[in-house]
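Fit chain R to the given chain A structure using the hints.
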Amino acid sequence: MLTNQVIQQKLTEKFGEVLTNWQEPYGMLTFTAPKELNLKVLQFLYDDSELNFTFLTDLQAVHYPDNKGAEFAVVYHLHNWKDNVRIRFKVYADIQNPDVFSATALYQSANFMERETYDFFGINFIGHPNLIRILNVEEMDYFPLRKEFPLEDQTRIDKDDEMFGR
Amino acid sequence: MNDHILLPEGSIEKQTTTLNLGPTHPATHGVFQNILELDGERIMKATSTVGYIHRAFEKIAERRTLFQITPLTDRLNYCSSPINNMGWHLTCEKLLGVTTPKRVDYLRVIIMELARIADHLICNSIVGVDSGAYSGFLYVMQFRELIYEIYEEVCGSRLTTNIGRIGGFERNFTNAAFEKLEKFLDDKTGYPAQLKEFENLFTRNRIFMERTIGCGPITGERAMNYGFTGPNLRAAGIDYDVRVHSPYSSYEDFEFTVPVGTTGDCYDRFLVRNEEMWQSLHIIRQAYQKVQEFKGADAEVFHADVPAYYLPEKKDVYTKMEALIYHFKIIMGETEMPAGEVYHSVEGANGELGYYLISDGGRTPYRLHFRRPCFIYYQAYPELIKGGMLSDAVITMSSLNLIAGELDA
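Top to bottom, those sequences are chains A and R. Per our numbering, the very first residue in the first sequence carries number 1; after that it's consecutive. Per our numbering, the very first residue in the second sequence carries number 1001; after that it's consecutive.
None of these hints come from the bench; they were simulated from the model. Positions of the beta carbon are idealized from the N, C-alpha and C atoms, including for glycine. Misleading hints may appear alongside valid ones.
What the hints assert, rightly or not - Stretch by stretch, here's where chain R covers chain A in the computed footprint (C-beta under 8 angstroms, at least three residues):
(1) 21 to 32
(2) 51 to 57
(3) 82 to 90
(4) 104 to 113
Extracted from the complex, chain R is given alone in its bound form:
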């Protein structure tokens, strides 16, 4: 009778159910596949498959010049592209031995911290969405829009920003950019008020707490062994932050605290991210104040003097011989970079985002490797969700802030 249905050997007698969560599933917010072995609704075993949007960036980078690689880094963690861009510029500057003026550093800090807020607010509000509370997401989303408008004012694009250059920014910040920043930072109508509202909705909300406390926990020791970095590690109680341990872009000039959790569960990750947003706001205010202290000619500084890598102004290209030569050499990718190997890392929104660049003295990197925090901590996912309910697996995934672009590079 049922001859046409071909079931795999042993599937009738099996006590568990196999379920494919993903690759395209409305609850996973990205292309992730997990093959779950379920006993009722409890997860006995999970196997992750990654690589659905692998784009071979490391190979492509091997024949691109330094500035052509910046757009590739945009597409790693696309929720906070500016951090990736800045991390890449800083790596190049380390290789070339460029020191940037303080004003550039502070402007970069403003952009990077805005990007961190944009990333964390998405992650935290999506945790809300996955636990059944949609309104928080809509409340904070309008402020991501404001952040994107600031990016737009600075570099012209919004999501994949390609912001800045080796040595600084492509142009000085306009007044409109600072006005938008002030609008964003306003205590009454800006993001702080909205974040407060968002916290009021969630932090002590009993339903949310019962939903997330004890869900997907990890100990500090395990987290360290699994290579966790960033908010997920700090939620487990280890206060490692690249901004503090190896300061870059003048982070040592700022005062901020590094929030840590204790249990490393979804609730702690949520709280750590929320607190980091407050700290980021604090850093942005300090940086903005420092930027305003530059007067006269100092206030016009927006890049370091690296003629061989920083594209000259167009009007100089038409009138000056030297600028024309540099312009041509940069655009045609004919600048030889110094040989060397350099590892530089920045505190990305998800953790330590590292660039390992080997140059053999040619025009393109000999080898470039991205240390993507997502890729490394995703291996802990099967362990985190084991023994929990299927719906906990969904909320754990969103609270880890997995970004498919960063996972697959």
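Next up, chain A with everything else stripped away, as it sits in the complex:
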């Protein structure tokens, strides 16, 4: 039986104290890795005969503008189908230099997910075969899901829009 304690123990044995911030929100084991190690952690979780995290469920980013020096969290959700365990792990990147290694060599599914993350947050996935915008137009020169772009104030009155009557 693969429990969160076993996973934590195996990972700590392999990587030592660099993996931090162990939590279990709503039962899902969550931890943080240094961003240089993200591929090593993914590969270890994939290859280890006991861990078997071979399915990348989801990959996206979160922007924390107040977290200076580590504004972006790239979040991986992994799933072990054999023992039916999910884990989540995060790497933090600086907004000035948002380089994170791409997981596309390990998971084909990371291709679109990383493109989407790049599209909305501007995270530069090193080693991605085709890192271009995916959902937004190519001419866009900013990354819309960053927190510095607030949604339009619904109460604004300076805009004269005949079509929508504001």
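Frame of chain A, contents of chain R only:
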């Protein structure tokens, strides 16, 4: 002479033809663009472009309260909106720590399985249409109408349903809703008879079999690496189903089998979806029976007790102080939710539909991400159609059940 025609460099000498399939093409059933490199009629290379109906739901959700996000989820996979709605409610309930009564769970299961049938029947009959058999589509379409009438009876709308609330349903199911459900489930005149007829038309039809067997195949291993989930993955031989692996909404109380295929081609996907419809019917019957077992006051339960998120009854709002306060706070979006991060997934019609919600303790989500199954498995499309004929590309696309709304969020 032909000075006015400007051809790109090297286009005369090129041995292949470039063809734009989409964005608006009658054979793609949605806004999909694929730039195909063709050698005669064989596809050498395909490049997909997505994002034509991107509506920035994740950004919009960042300043909406929980119940205002439900209508956004409708518009993901609009062929089975109730599953998206329920998935969202379940995510919120997980964050808030709400447990729902069994009756609510069973009613939700009925609605979700109806939605799965509505989705699969569209997909399978469209595979028929794309292979040249139109009548099957018309046969089953009238039963989608019946499903929509049930939705209408429960929540008032048909396509983008916005069904249910955090904690349950907005009102109890009426007798008319159950009557319509019985009409739908009737063995002689209802959907089972029609589905049987539909299967008779297609399953062992030689033309259909030759058209779909070996068309757009994928191995289980590749499918897993590409992030496939749902019927498309099961057609490739992996029996992963969220309803079984991480049961939600009391799915553990039901008996059903998870059909799997072997080759992951169009024919297997078709068979898996057909069998899933039978299983869904089986689940609905069980759930309906369980619902009928509730008597007296238990039969009136249709929501959990979550006053801070569940809108109180209007007559209480006018007469009771507490109900008035909650009503005001909910409508004005002044309820602070607990801080936390939660990932919850449900088995959508296309696969694992996940919601990743981060709350910082404010009134709106700090970040919300939808894991849309379509978006993730669409990346395999160029590989699936490579080396096949152009007409196979069309039928592969419809058998993957790509929904533009889910693809682009």
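We went through each hint and held it up to the structure:
{"no.": "1", "hint": "21 to 32", "result": "holds (count 4)"}
{"no.": "2", "hint": "51 to 57", "result": "holds (count 4)"}
{"no.": "3", "hint": "82 to 90", "result": "holds (count 3)"}
{"no.": "4", "hint": "104 to 113", "result": "holds (count 6)"}
Figure legend: structure checked against the earlier numbered hints; every hint is met.
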